[in-house]
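Turn these sequences into a full structure, and let the hints steer you where they fit.
Each residue of the sequence shown is one higher than the last, beginning at 1 in the numbering used here.
Everything labelled a hint here was simulated from the structure, so no lab data went into it. Note that the structure is predicted; figures quoted are calculated from it, not measured. Careful: at least some of the hints might be erroneous.
Derived DEER-like restraints, expressed as beta-carbon distance ranges [as the list claims (entries may be wrong)]: (1) ASP147 x LEU45: 30 to 38 Å; (2) PRO78 x GLY37: 35 to 43 Å; (3) PRO78 x ARG7: 32 to 40 Å; (4) GLY40 x GLU116: 33 to 41 Å; (5) ALA151 x GLY40: 33 to 41 Å; (6) GLU32 x ARG68: 28 to 36 Å; (7) ASP18 x LEU119: 30 to 38 Å; (8) ASP18 x VAL149: 19 to 27 Å.
Positions of the beta carbon are idealized from the N, C-alpha and C atoms, including for glycine.
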Amino acid sequence: MTETDARRTTFSFAPPVDDAAAWDIQLNDFAERLMQGFPGTETWLLGAQAPHPQEGLGFDMPLGGGTRMEGLVNTPYPKVGAVMALNATADEAAVLARWLRDHYAPAPDLVQFTSERALELGVTEYGRIPTTGDVHEISRVLREHLDEVDA
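This is the structure in structure tokens:
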């Protein structure tokens, strides 16, 4: 990555609200595909969690150069869920976002995002991951999102 930004937040990636089941998230399938895409990834199932019962999947994935990132998949309803990059920089989260766009979502226009920072400030609009471009382009979009939220 050419531009380093040390700001950390949780980024949440999900299908569009009006097509929430577009990804057809199945936790075991997601775990298997993530481990294939990122050898060395560790995953673990999380049981139902209160206050709203939901199943989840935790993961710890290698990003290269000895860097790892933790994440979480929440599925509050069958086939519906979000994938989170926990306490990540834009550069780190961009690796996951690109994989979601190129290898998990059924179409490249089905990956939207927000951040914990945005939600803390009451910003409820979702951004869209670019349908083309590399990790650097996605990282730029995520950094711009943080810049706008913090403005």
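Notebook entry, point to check: Does the Cβ distance between GLY40 and GLU116 fall inside 33 to 41 Å?
Noted result: 26 Å, violated
Check: Is 35 to 43 Å a correct range for the gap between the Cβ atoms of PRO78 and GLY37?
Finding: Since the Cβ atoms of PRO78 and GLY37 sit about 24 Å apart, the hinted range of 35 to 43 Å is violated.
Notebook entry, point to check: Between ASP18 and VAL149, is the Cβ distance one that fits in 19 to 27 Å?
Noted result: 23 Å, holds
Check: Does the hinted range 30 to 38 Å hold for ASP147 and LEU45 at CB?
Finding: 36 Å, holds
Next item on the list: Starting from the hint 28 to 36 Å, judge whether the C-beta atoms of GLU32 and ARG68 obey it.
Entry: 19 Å, violated
Note to self: Taking 32 to 40 Å as the stated bounds, is the beta-carbon spacing between PRO78 and ARG7 within them?
What the structure shows: 35 Å, holds
Check: CB of ASP18 to CB of LEU119, is that within 30 to 38 Å?
Finding: 19 Å, violated
Check: At the C-beta level, are ALA151 and GLY40 separated by a distance inside 33 to 41 Å?
Finding: 38 Å, holds
The earlier numbered hints that this structure contradicts are 2, 4, 6 and 7.
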